[in-house]
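> We have chain A; now place chain B onto it with these hints.
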Amino acid sequence: MTFVGEVLTLVAKDLRLEWRSRARINATLFFALLTLLLFSFAAGPAQALQAANAPGYLWLALLLSSVLLLGESLRIELENDSLEALRAMAVDARALFVSKALTNALFCFLLGVVLVPVAVGLYGAEVKLGFPRLVGVVALGTLAIAAPGTLYATIAVQIRARDVLLPLLLFPVLVPGLLASVRASSLIMQGDPMDQTGSWLLLLAVFDALYWILCTLMYGRVIED
Amino acid sequence: MKRALNIGLPIVALVLVVWGAYQGLAVAPAERMMGEVYRIMYVHVPTAMMSLLAPTVVCIASLAYLMKSTRAADALAEAGAEVSVLFSTLCLVTGSIFGRPTWGVWWTWDPRLTSVAILWIAFIGYLALRRFVDDPDKRATWSAVTAIIISVDVPIVYFSVKWWNSLHQMQSNPSTVDPRMAGPLRINITAWFLVFLALLWTRYRIGRAEQDREQSTPTGEPKAVLRMSS
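From first to last, the protein sequence lines stand for chains A and B.
So for the first sequence, the working numbering puts the first residue at 28; every next one is plus one.
So for the second sequence, the working numbering puts the first residue at 1032; every next one is plus one.
Next comes chain A alone, as it looks inside the complex (with noise of 0.2 Å):
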């Protein structure tokens, strides 16, 4: 089988198991709408600061959301074994880890377009330059929290206290990352008099670009034995 061949049979697989239970990306997606909630709470009332601060709490409900889906995505892997048959099927590990981290790019995109029309109505926050930029963004965003992030998942599974090694391993390693999708972000929502938002996009695509090759070269040794 082609390397794009077993990358779809094991997204086709990811998907079809998601679908089955449906639970996991049910109970994420309220949890991250209730991180939109609870940042409103901390920040007081006051509707200008806001929708000031709305990209940022955007992109925070995102990425502790995406932390829980990450951790399950690999966890059901480990579950009856399911990773030690795939690896005696010979399945390529780069298919492996790519097929995992754009199942998990894509739930946590999914998740990303669900969240920003509420936090754009919750925060009474404006989009002046469209949502489909927005979309945009999340789409390079959530790629980049997938890629470091489907690779710690996998360690963090893997061994004792996984649910604050995962977050403690992934977060340092994503500020840029972040840093880039608020602030192309928070551009798009509030306006750009300068264009700046293409050179934001320029060092997503880069981060991105550089995980995606990075993580998929090193995965055979995460997993193997």
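FYI, nobody ran anything at the bench for these hints, they're computed from the structure.
From a predicted model like this one, the values you see are computed outputs, not experimental measurements.
For each residue, glycine too, the CB sits at the ideal point set by N, CA and C.
Any given hint could turn out to be false.
Label pairs and their calculated CB-CB ranges [claimed, not checked]:
1. B:Phe-1190 / A:Lys-155: 18 to 28 Å
2. A:Ala-73 / B:Leu-1158: 37 to 47 Å
3. A:Glu-106 / B:Ile-1152: 51 to 61 Å
Straight line, CA to CA, 25 Å or less: simulated SDA-like cross-link-like pairs of lysine to any residue [said to hold, decoys possible]:
4. B:Lys-1169 / A:Leu-137
5. B:Lys-1169 / B:Glu-1241
6. B:Lys-1169 / A:Glu-111
Facing chain A, from chain B, some residues (calculated, C-beta under 8 Å) [as the list claims (entries may be wrong)]:
7. Ile-1149
8. Ala-1153
9. Trp-1173
10. Ile-1181
11. Val-1183
12. Ile-1187
13. Trp-1195
Just chain B now, kept in the frame of chain A:
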């Protein structure tokens, strides 16, 4: 040779640190704008340099481990990570003390400050990971992968924060600094470099000894227990 490293290096380093502190505190002239406050630079600049040198050691050792799987490389990476956390802590603390009277704030979101802070917390995560994995081979591989991910991140953090916000003064170099200040600074940099080497070497030796112990008792149990059960 080993004896010289084990005993001689720390002694030379310590003597140089004391001499450097004397040079920085008593011999070097006061700075025109900052007055006496600037003298913390004689510790801050060397520790900042070491807090970047240590992660470089970790990165190279981790790459070496991923290519050759030698235990020595893993021990060197671990030693480098611990020394890195120590020097980043020193760099951040002395930087804050320096920043308060000169910039008026303890902390600012400057690219260099933020990069060192991210490095600091990332290597704490790296060390935490090492504590939680019992299998030596998995521990070495996973932490090597983690170290490489962190290393790639540092320049991106630097540039992203630079675009975002900046306050730090440009780095000085010997041509912009009074020679009476450059001399003591050179002594202090050498002194702290030797401290760095001494700590790295000592921690590396401890790491190698720990590896030997792990190999002789693969389950991590004391030998006596193994003998009784067999």
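> Are the hints correct? Go through all of them and say.
Against the structure, the hints come out as follows:
{"no.": "1", "hint": "B:Phe-1190 / A:Lys-155: 18 to 28 Å", "in the structure": "27 Å, holds"}
{"no.": "2", "hint": "A:Ala-73 / B:Leu-1158: 37 to 47 Å", "in the structure": "41 Å, holds"}
{"no.": "3", "hint": "A:Glu-106 / B:Ile-1152: 51 to 61 Å", "in the structure": "32 Å, violated"}
{"no.": "4", "hint": "B:Lys-1169 / A:Leu-137", "in the structure": "34 Å, violated"}
{"no.": "5", "hint": "B:Lys-1169 / B:Glu-1241", "in the structure": "16 Å, holds"}
{"no.": "6", "hint": "B:Lys-1169 / A:Glu-111", "in the structure": "16 Å, holds"}
{"no.": "7", "hint": "Ile-1149", "in the structure": "5 Å, holds"}
{"no.": "8", "hint": "Ala-1153", "in the structure": "4 Å, holds"}
{"no.": "9", "hint": "Trp-1173", "in the structure": "5 Å, holds"}
{"no.": "10", "hint": "Ile-1181", "in the structure": "7 Å, holds"}
{"no.": "11", "hint": "Val-1183", "in the structure": "6 Å, holds"}
{"no.": "12", "hint": "Ile-1187", "in the structure": "4 Å, holds"}
{"no.": "13", "hint": "Trp-1195", "in the structure": "6 Å, holds"}
When the structure is compared with the earlier hints, violations turn up for hints 3, 4 and for no others.
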